[in-house]
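The listed protein sequences derive, respectively, from chains A and B. For the first sequence, position 340 (counting from the first letter as 1) is numbered 340 according to this note's numbering, and the numbering increases by one without interruption. For the second sequence, position 546 (counting from the first letter as 1) is numbered 546 according to this note's numbering, and the numbering increases by one without interruption.
Keep in mind the hints are simulated off the structure, nothing from the lab. Don't take each hint at face value.
[To be verified] Per the computed footprint, the stretches of chain B lying under chain A, defined by three or more beta-carbons under 8 Å from a beta-carbon of chain A, are:
1. 452-463
2. 767-781
[Unchecked claim] Just the calculated beta-carbon pair ranges, DEER-fashion:
3. B:E671 x A:G11: 50 to 60 Å
4. B:Q130 x A:E102: 26 to 36 Å
5. A:E102 x B:H741: 32 to 42 Å
6. A:E102 x B:D142: 18 to 28 Å
7. A:E102 x B:R480: 57 to 67 Å
[Unchecked claim] Computed footprint of chain B on chain A; a stretch qualifies when at least three of its residues, placed anywhere within it, have a C-beta under 8 Å from a C-beta of chain B:
8. 135-142
9. 181-189
10. 267-281
11. 298-307
12. 342-352
Note that the structure is predicted; figures quoted are calculated from it, not measured. Even glycine gets a Cβ: it sits at the ideal position worked out from N, Cα and C.
Chain by chain, the residues:
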Amino acid sequence: MHEAFLVMENGEIFEGESLGTLGKTLGELVFSTGMTGYQETLTDPSYAGQIVLQTAPHIGIVGMNQRDEESDRIWVAGYIVKEPSRISSNFRAETTLEFELEKSGVVGISNVDTRAITLIIRNAGAMRAGIFSGPAVSSEAQMLAEVREAPEMKGRQLSNLVTTPNKYSIPATGPKLGTVAILDLGIKRSTLEHLSQRGLEISVYPASVSADELLSNSPNGVFFSNGPGDPQASDGQVALLQDVLRAGTPFFGICFGNQLLGRALGFETYKLPFGHRGINQPVLRRDNQRVEVTAHNHGFAVRVDGDEALSPAGFGRVAVSHRALNDQVVEGLQCLDIPAFAVQYHPEAAAGPHDSHHLFDKFINMIKG
Amino acid sequence: MPKREDIKSVLVIGSGPIVIGQACEFDYSGTQACRVLREEGIRVILINSNPATIMTDPDFADATYIEPITPEVIEAILAKERPNAILPTLGGQTALNAAMALHARGSLEKYNVELIGANVAAINAGEDRQAFKQLVLAAGADVAKSAIARSMEDCLQAAEMLGYPLVVRPSFTMGGLGSGIAYDEKDLRRIGGAGIQASPTSEVLLEESILGWKEFELEMMRDTNDNTVVVCSIENFDPVGVHTGDSITVAPALTLTDREYQNMRDVGIEIIRAVGVDTGGCNIQFAVDPADGRLVVIEMNPRVSRSSALASKATGFPIAKIAAKLAIGYTLDEIPNDITGVTPASFEPSLDYVVVKVPRFAFEKFPAADTTLTTTMKSVGEAMAIGRTFSQALQKALRSLEKRGSSFHFGNESRSVEELLSLMSRSTDERVVQVQQALYKGASADQVFEATKIDPWFIDQIVLINEIAAFVKSAPELDRKTLKKAKEHGFSDDQIAELRGLTEIQVRELRHQLGLRPVYKTVDTCAGEFPALTPYHYSSYEQRSEVVPTDRKKIVILGSGPNRIGQGIEFDYSCVHAAFALGDAGYETIMINCNPETVSTDYDTSDRLYFEPLTLEDVLEVIHAESQSGELLGVIVQLGGQTALGLAKGLEAAGVPILGTTPENIDRAEERGQFQEILNAAGLRAPANGMATNLDEAVTAAQRIGYPVLVRPSFVLGGRGMEIVYDEAGLDGYFERIAQHALVDPEHPLLVDRFLDDAIEIDIDAIYDGQQLYVGGIMEHIEEAGIHSGDSSCTLPPITLSDSQIHRVAEATERIAKGLNVRGLLNVQFALAADVLYVLEANPRASRTVPFVSKALGITLAKAAALVMAGTTIAEIVGAGGLPSVDGKDLPAGTPISVKEAVLPFKRFATSDGRFVDSLLGPEMRSTGEVMGIDSDFPTAFAKSQAAAGSALPISGTVFVSVADRDKPQALLPVRRLAQLGYRILATSGTAKLLARHGIKAEAVVKHSEATSGVRSIVDMITDNEVDVVVNTPSGANARVDGYEIRAATTAADKPIFTTVAQLSAAIGSFEVVREGAFRVKSLQEHALDRKNLIHG
């Protein structure tokens, strides 16, 4: 065990013990309040570029297994855990957290006052930070300087980092209902499973794909995935989505996909103070006034005034379909004049409650017409 | 959906007396519910027979009925109050069963009253095990294979299909009563037979064994809009096989992947929908096969439960409060989360800490009882601890139990690893320490897993704790880093001292020199995502504290810790009242307690709540933290029972101001020699007495005093180790029995008192401010002296004492109060024998009877006492209307009579061969709770108290009489009256003969010991429900066996039993009363009006 330091942009420094690989990592420091599903968090591409703090104190108890991976690698830029487990105890565990963190070269820190750090972020907002351990440890001033030189999340484009390099396909499970073209901005495996299990044949495209190529096989639907980065920095994908909407192809977006839909419709996006990251978030479905407990992982959101507005980009009427009950943030958009909708949160969950799986059925119904 | 406007008044049914499986958590939930409903402008009508509850304070309802919770009485209340709805889901199984009985009688229809919170169909679906299983299967979830049995034949057939071991669960019983695990046919015959008996529907469920699986629980809430949330997941440290109330439990669940957890959540939601719990809380228990993850549903409770109270405290999400709001129509998203103030209740709390609950047992009170933990709950209380890690929370929880040997220790362990491994394969209250000791002595984690099936992660955490212990022990120096490591894993200064060969105080001083103190974190429901408005804190050894400084004057109130026999809800009642009164008087109140069942640990009760163990170390650290952030006036120790009192000296030594009577004076009351001086100075008399630190001294003392003697260790509560000894052989036996409990040593001598035969015992609760004595109430015990005051029934006002006797009691009390320089509460016990008043003991602290006195006379004694401790005078309190001007020694004629009756747990405890433990009363307290009957005359009040205690007197039937020779003369009159009233009298041959000579017709029956084959003994008749009332007073050693058989059978058959003639005589009038018809009901508020008229008009 080596000493390790968490250095925050605002000058706060916490000393702890090293976790994973020794070295240095820089990123945006965020906290996630999920009490289960650390493996899904680690492998969620949306966390690219972020140092993730788990507010749950014991992480690693159930080990790691292939089935629960949301992508084929760990994406977090750094990892902060109060007390990592010494052993794995679950019949599905294949390897341990420590092993996987080291294998993936993730620099982490443990045995720090994670609650104090969480409260700092809550009060001051998500900020840049660095974890330094082993040979990377230097003077506090030096480490702080390095943190302050790191790029800020605002304005950062990370899609190219997490997207698939090449197009690939996934067959429908069971009888085929139709085809869907997916823009991979950091897609999670669960999302692909939900779509294929419902009879869709899937083509996954890199983030840089052109509209012509995306629509080349006349897919029955288009889907934009979740992913990391600032939606303001993704003009290319916004233009692409506008082409899709103009073509009238049914569209469904999740998380980053929701932000891009917002922008494509002509709305603004903005950075939340410290974001929503947890699996206990109440969202009000405005169509039936019911509450769903949902998984969130977003630092940006779409701004819409009122519950219904006209698309400034000329796509007709747009309803705010979902709102976060904690802070009234827009959590879903439903176009009323074109076949398009998106949610800011994660209906695929993983990790998280399954309350919103029905949105995939909604997409299927939209495709079926 | 907003509040329903058609509900203007609601009847809330409480849970009655504290019994095992149903404790003060229901006072916590009921109090919350009453509060919420009143805030919503609804007229609240409450019934609860338990006077020691906060909910029965007249402030919490518009009409409060301290009456027996029987369908007849509730119906009388319905007729009188005509509520629109009944809320039966916050009063445990008692309330749910009452609601079902009302439904069956047609009372709901007759009075056009709706059940809210749960409907009859949902209650049935949740409680009827077979229906529930079908429903689970229909919802696509799995259950353990099972069969229903209504006879022994059914049982044996089912066993062939399911194989052994199998689990037996009777339908419609609470706390798992009557259930157990059968390993073979013999077990099955025993447990199955008893189960069919215990079930009101005479059916039991037999189930495939899932022993050794992991057990989980989800606390869920649903609203009328079908929004469902999981408030808390709970994981049992003990695998399936131990009742969850007896298990060490952990929140949140820790050993599930998200996939498994969400699957469990999905199943839970399907079930709550299928059962039809429209609004409110429910808990569902699951078992998971650790080998392949197979999930089966064990059971659900369609109501607020013990686990809900735990979940509320564990998460900060007030389940009962929200359940009450949902019941009147609100939806979860319309209800704000109290703690954040800005977010709604329709979310799932996230914890950034670990909560551990450990049960507290009372096996030492029932030496014959089998200590094996099974599916029948046996614990009497629980402690909860919050830590930032599991190891910290577990160690804090274990030391919160305040029981010798309950914490992990690192000294000599005489038992071998093999012995320990073999011991731990049976689950008992000592298992967790056995696991730690075995691992410390070198057992492998695998060996422990094989023996216990405890999840390997939990075992590894204990390995970790042992490793830290070894690290601390072997560290070259006890430096800051080493100490901090130990503290992070929950080690107490005391444990570190043991490891380093130091004293606790040395470790503490060193720690403070090194600047190592805990910080305090906040329970906020959301893992820090939103600011918390509610200061609900726990300690951790980390960097940043969240205690917000204030400029108000602060008073710390020490609670009473986990419930145990002798120290329970009554003390919490006083603590809560102190918090209310001092809060109203403008002080900032700070509560420290570790009992999750209580109202005192509701974050609404005090200005700040610290959920911490009540040890000197933990309390001193809270006091330090609070002193850093404002002015601390002092600490109140006299309300939290022996727990808080025991800390007084240490606190004082550390320079902490104690409010109220000084620790020195508290000691003088306990210390025999000094107390004798006070009595001498006051011209008062105590029974002849002496002290002894060993057997020889005890024998000498007893010879001088004369047998029989009453022996008891000093500084214990609830009569622990107290016995009446008739001869030297008895003393021998006594010392043998108490040897292992280390109750007597030179610092804590044994008290030896002359036992007064045929004395009337009197209890008084009073307040003294240095100038004036205010008598709260004077109670006369119904049983003669020698039965612990906590187990005896008593009446207020006294029914045989004259005014002059009452005034003598008050005067004597005042002299003692002066002698002890009391500030606050004083309880004195007297015995009146041949018109001579003897002082038995004086306790300058809150007594168990404070709430009873308060309810019986409509005064707020504990509140006044708290103000006196803070410096207000009695005259000022009376002047401000805080106490009536006429005190408890001058009660006007016409004052209603209140009878307190104890409720005993004998039925919970079976010996290892499956029979019930002896139900005899004695000087050691064994009751878990109490009820009160109030009416204008004693016979009615007594009859109500019996009905409330669950042994209603029958209006006709058969009475069996068997009394000791010395009791025979006194028994004649009451038995004659019973015969005149038409009861059939059975008696043993000796008693029958005597009765016949007095012209009382009695049929002779055969004693158990005389029974020959083919002849049915009295025990058989009791077992077969042919006897309705049993009168059995204990006699000499020969008859003891027969007596035991009779009492055990009576307990098993749930029939009223009188073990003293005094009790029977008192009850005679009551037999007449019950034959006259249903009880009349009167609310406390009406009684208060009457009292006002009595005094002023």
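Quiz item: So which hints don't hold here, by number, going up?
Solution: Structure breaks hints 2, 4, 5, 6, 7, 8, 9 and 11.
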